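Chains as they are written, first to last, in the numbering used here: chain A, 1 to 381; chain B, 382 to 762; chain U, 763 to 1143; chain Z, 1144 to 1524.
Any given hint might turn out to be false.
Claimed, not checked - Which residues of chain Z face chain U? A partial, calculated answer using Cβ under 8 Å:
#1 I1148
#2 A1325
#3 S1471
#4 W1521
What the hints assert, rightly or not - To be clear about the criterion: a stretch of chain Z counts as covered by chain A if any three or more of its residues have a C-beta under 8 Å from a C-beta of chain A, and this derived list gives those stretches:
#5 1160–1170
#6 1327–1336
#7 1362–1375
#8 1379–1390
#9 1435–1444
Said to hold, decoys possible - Calculated from the model, a selection of chain B residues having no Cβ within reach of chain Z, i.e. all distances over 10 Å:
#10 A535
#11 T598
#12 E651
#13 E672
#14 R691
Since the hints were made in silico from the structure, they are not lab data.
Note that this is a predicted model, so its numbers are computed, not measured.
The beta-carbon is built from N, C-alpha and C at its ideal position, and this holds for glycine as well.
The chain contents come next:
4 protein chains.
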Amino acid sequence: MVARIRLGMVGGGQGAFIGEVHRFAARLDDRFEFCAGALSADPERARESARELGISADRTYVSFEEMARVEPQREDGVQAVAIVTPNHLHFEPAKALLAEGIHVICDKPLTNDYAQAQELAEIVSKSNAQFAVTYNYSGYPLVREARHLVASGALGAIRLVQVEYPQDWLATNIEASGQKQAAWRTDPARAGAGGSIGDIGTHAFHLAGFVCGMQPTSLLADLSSFVPGRVLDDNAHILLRYASGARGMLWASQVAAGQENALRLRVYGETGSLEWFQENPNQLIHRPLGEPMRTLTRGGAGLSASVVTRIPAGHPEGFIEGFATLYSDFADLIASSDGIKHGNEDDPSRLLPTVADGVKGVRFVTAAVESMTNGSSWVTL
Amino acid sequence: MVARIRLGMVGGGQGAFIGEVHRFAARLDDRFEFCAGALSADPERARESARELGISADRTYVSFEEMARVEPQREDGVQAVAIVTPNHLHFEPAKALLAEGIHVICDKPLTNDYAQAQELAEIVSKSNAQFAVTYNYSGYPLVREARHLVASGALGAIRLVQVEYPQDWLATNIEASGQKQAAWRTDPARAGAGGSIGDIGTHAFHLAGFVCGMQPTSLLADLSSFVPGRVLDDNAHILLRYASGARGMLWASQVAAGQENALRLRVYGETGSLEWFQENPNQLIHRPLGEPMRTLTRGGAGLSASVVTRIPAGHPEGFIEGFATLYSDFADLIASSDGIKHGNEDDPSRLLPTVADGVKGVRFVTAAVESMTNGSSWVTL
Amino acid sequence: MVARIRLGMVGGGQGAFIGEVHRFAARLDDRFEFCAGALSADPERARESARELGISADRTYVSFEEMARVEPQREDGVQAVAIVTPNHLHFEPAKALLAEGIHVICDKPLTNDYAQAQELAEIVSKSNAQFAVTYNYSGYPLVREARHLVASGALGAIRLVQVEYPQDWLATNIEASGQKQAAWRTDPARAGAGGSIGDIGTHAFHLAGFVCGMQPTSLLADLSSFVPGRVLDDNAHILLRYASGARGMLWASQVAAGQENALRLRVYGETGSLEWFQENPNQLIHRPLGEPMRTLTRGGAGLSASVVTRIPAGHPEGFIEGFATLYSDFADLIASSDGIKHGNEDDPSRLLPTVADGVKGVRFVTAAVESMTNGSSWVTL
Amino acid sequence: MVARIRLGMVGGGQGAFIGEVHRFAARLDDRFEFCAGALSADPERARESARELGISADRTYVSFEEMARVEPQREDGVQAVAIVTPNHLHFEPAKALLAEGIHVICDKPLTNDYAQAQELAEIVSKSNAQFAVTYNYSGYPLVREARHLVASGALGAIRLVQVEYPQDWLATNIEASGQKQAAWRTDPARAGAGGSIGDIGTHAFHLAGFVCGMQPTSLLADLSSFVPGRVLDDNAHILLRYASGARGMLWASQVAAGQENALRLRVYGETGSLEWFQENPNQLIHRPLGEPMRTLTRGGAGLSASVVTRIPAGHPEGFIEGFATLYSDFADLIASSDGIKHGNEDDPSRLLPTVADGVKGVRFVTAAVESMTNGSSWVTL
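Looking at chain A on its own, in the form it has when it is part of the complex:
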């Protein structure tokens, strides 16, 4: 086994969303060991969050500065750090950690400010440490397949890029109620100049560039704030032009009632098109001009070999999470174990399959064989 990389985290304490996703992600392939954190600017919350996550007290920090100062002095200091704070708090920790030669994986958008972003790029270019931004949709197998298909010329020259990312969670003024995720994303001081364009428009923008292998050279925008009192845009209608003559439309919205996380990319070339939809990410539609539409599936027939996939075709990626839920149920069961058998089948709260369920399954098999042996007759179970 290759040794696991020692990972720290800035941000991601109690009440955060994306920090936990980073931890799931770091754990899934067992390549990282999470061992240090500056999880909150609030010292008490930082300590409590670290305790819950199994971080030892001596590696629990109340600021990224402290982490950047102390960890390099340890022999087992962190090699990499995930930055999962709100947008305006990406730059400083990144700068401090890179200065210590610590690798950084940072949530998007990079910063609030364009000059700061350029400065950070400069810092990275001079550092030996590695740096990545979690435009996470580029990690989906069929997004990578789409990029491969475009690069391979399967669509011919690209003509049109239609990308959209509608959500509805800001359709009402929930920031007024103090909802933490909404509060910072609608606050120019913390989110920067962009509301929906920064939070999700940047995802759509990166996805389009990632798949098409080209960037627009100009844009034209119509930004709106539909919810009364909101300062930042909650809807963005943007036209794109590319050097090649290709054109595009980008729509990002957080007030599109009834849409959950409907990121969709369609790319049209001279000889075919592709469509990928994040809410059904295990399919990639390929429409070759003049031929029937093909549905490519994650791990399925007709894919290029290089795409990362952990489980066989037809098992959508939630398969792992479903399995994990059984394991966690089993952990609960063990944790509550006290010499009494729990979770028998009469217990209505018991969802974890029991040995009795196992027995029923075996009886199902033997009964089916028995029925067949008797000319397809009814067999009592």
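Starting from the structure of chain A, add chains B, U and Z where the hints point.
Frame of chain A, contents of chains B, U and Z only:
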């Protein structure tokens, strides 16, 4: 943090499929620590597999008997073991481990033999150790929601249970080519009396019972072996009857050309019906009689509160895997780090978003705002 | 123009469903002229129905016997008759009309009684008149394409035939309320020995045979009547066996809550499979073994040339009906014309596009060109 | 029966597309009698086309002027005329016919020229004749339901209108090959200033206005011509603004490879949204904010009562066309009748269900009952 449970594994060495899924699952929620394994009956493969997985040499076993004998003597011995061997090798390790008071989580079907299954149930009932079978589809959030809806009476009395599980990976005689997964599943000595009914029919059977909260009392079967030379069934057509008067159909097939893993359950009651399809597991269709069809989504509006879900609505569960792929790419990048910056944007093999990608995203935001400020004019990027 | 065929109808008066569909169908391609009817056994309803449909009084009959006696004496007598009565009233009119050499197009099922059906076949074989049964799903373009694909060997030898036809309109005891369609279909005296199997099971059975080009040699059935007091089956679970070794499942239900008219056929062969779903009839799924799934569309790329289609690809067949609705709205407008312009755009009930709508469309075009000419600037409409 | 309206047609001769659709539409509900035509500017084609369609020679005209002059002199002269010529030939015939008091139903767009469109509106306003434009998507039942839902306030105030109409039939330079439909639509002299915006953009524009009950007050356009040598736009990216503050995007394309006729409208209001897709027109998606998505179906549960629909729920509108195909097959059969029975079941070209098919269906029913009677045993067919 609650201490992690020390986990061992029997089976699941190199070339296995389900063992790795068990490890992903155990790791995701960070409730287990994988520390011992009898990963293969072949000593060399057992050692090599354990080494790859970071199991220390002194906890690498060549048989489950050895594991069951040695581990209990350690202070840090395993508390639980996952059994992920072929079907005919479930019973003996389960029996040996339970005898030591070690909790067992076992793959399905429980055993090949009905008498053995009953004996194992008897053993479990007398043991203080916990036991679970990984009928993993019962771990999906919307399957649990479906069970909840049925139990709550949302469908009225159940009339019809239509469950099917077609695949096509045994549509040709791949066992003849030595494909390992196919070889044991089509061999009565290792798979037992059931081919497709044991391997996937049992999943369909459990899923139907799990959601409906009731078991059929009799069945009638028409089993077939379509591929020449195959002894066990590769297709099963089964009729079901329930004590309540409900009826059902169960179809399991491993020769249904073009189907990947198309497990689908439909339950019809007096006042409505439900449909869940494993290949699109983040949706549950609810059709109340006389009202428009409703699409429930994982984490979305209108669900019962108790369902386990790790990420927000609209982020299908592959979201975590996509994120994890970025983390693993980042680990690769770090692993290859040698003082030279890798993965610049000119490197065609580089898929991980770079700082340059981050800068582009920030520029996208500022350009959009600039365009808007100038009356929706074109802005150069 | 080929002269239109003079058509009569038995059954199909006021309150009937399928009679009107036969008339739409006969009219669409302008091959028939509807000119005589015995539309109801109730003389008053027969006369009133005929009047509404523009049948002249001297060709309005109160019985099929009268029609069969009188029409042949006219020089312009009917050449063909559509029989659209309940099942038990197909045989006698068919026999009488065929005896006169009149072509017959008869709704399904042919008769209630097997001996009677065989007798009718005998009569047809000795008559010079043509005879057809309206198993109408065989008229869909993609059903014919499916038949063509199977016959061409695109799937290899057929292994599995899965056909189902769930509805829910008999989920409650609506026959007790006197609903006319339900009343005769649930009455053994009028519907025969089969409830759901006769009414819709026969459609599923014909569709499977039509597409596969083969008939099962034996069946095994589990029929149920779920609604209390109902005598005939309202749900049928049937297993099928074919001489070739192929197997099948047929499910017909009229109590499947939430299903409208969900006829679905899936055919699996050695090298691929097909799926067609009546509720989305403009698509045919083709899954070649080991290749990506293809979606064939009515009139679209990759179809065999011989399939009947009236409009271009992508215009689903409702296109014609939508167009027809505008024409009927226009007829209404003309009918109410009284020298005053109706339906101006301020009239909320006006749905038909007006000249003002036309003007707006032209202005849309010129404004778009004007915006483009001015560097994509905003143009007032 | 209300007397049928006497209908004439200008344009729509051999080789035309939309003229035939108008004739199907006029025939379906039997409200019109097609009796006169100026079907082509080419006298020979005009005569031949009229002959095929059963128009008598004395009502076959070689110009609309002749029709407008002669028909009013007949007692049975046309009451209404359909104009189905290319765009630049709408104005003159409309003007001439309206001057005679003849009702006009005209294809879209109204004219090529905005001044001409305004003049025509003026003429209509002064005439007693009725006038309609066939923006045919407004005739679909669920489009009318959508309009009703918006008007009823089901979505609250509208915020966003996203409408798109991608096709691919002009993805290559087919006009160069002389394809008639492409030739006039890409020729500014015949199509006017708009290419895709005139041909299909106007449909999208009307649909959005029809459903939303409001018109944009300004637009901003980015038009492109992707195919070398093409003068008119083949792709249009348009931003819309409404007086209420609502915003919209309109995309029309005839070079979107792989898209057939993918007109899609999405309307987002403060409390919910609607989505309708022309290629699956029997469904309307309604997403109430904070509740599960609902799928409304044509004729199904939960619709307003006033929508025109000809057949029951679940029978998509292609049902009528499928039925009509059987009738036309039957007409062919009769036409070829020569005292020999055609189309027996051994005839591979025979698709129309025969009496033998009818017998098989009856046997299916009796065999199912027999199997059931014998405890679900196998019965030979």
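*Report the numbers of all earlier hints that the structure fails to satisfy, in ascending order.*
Failing hints, ascending: 2, 5, 6, 9 and 13.
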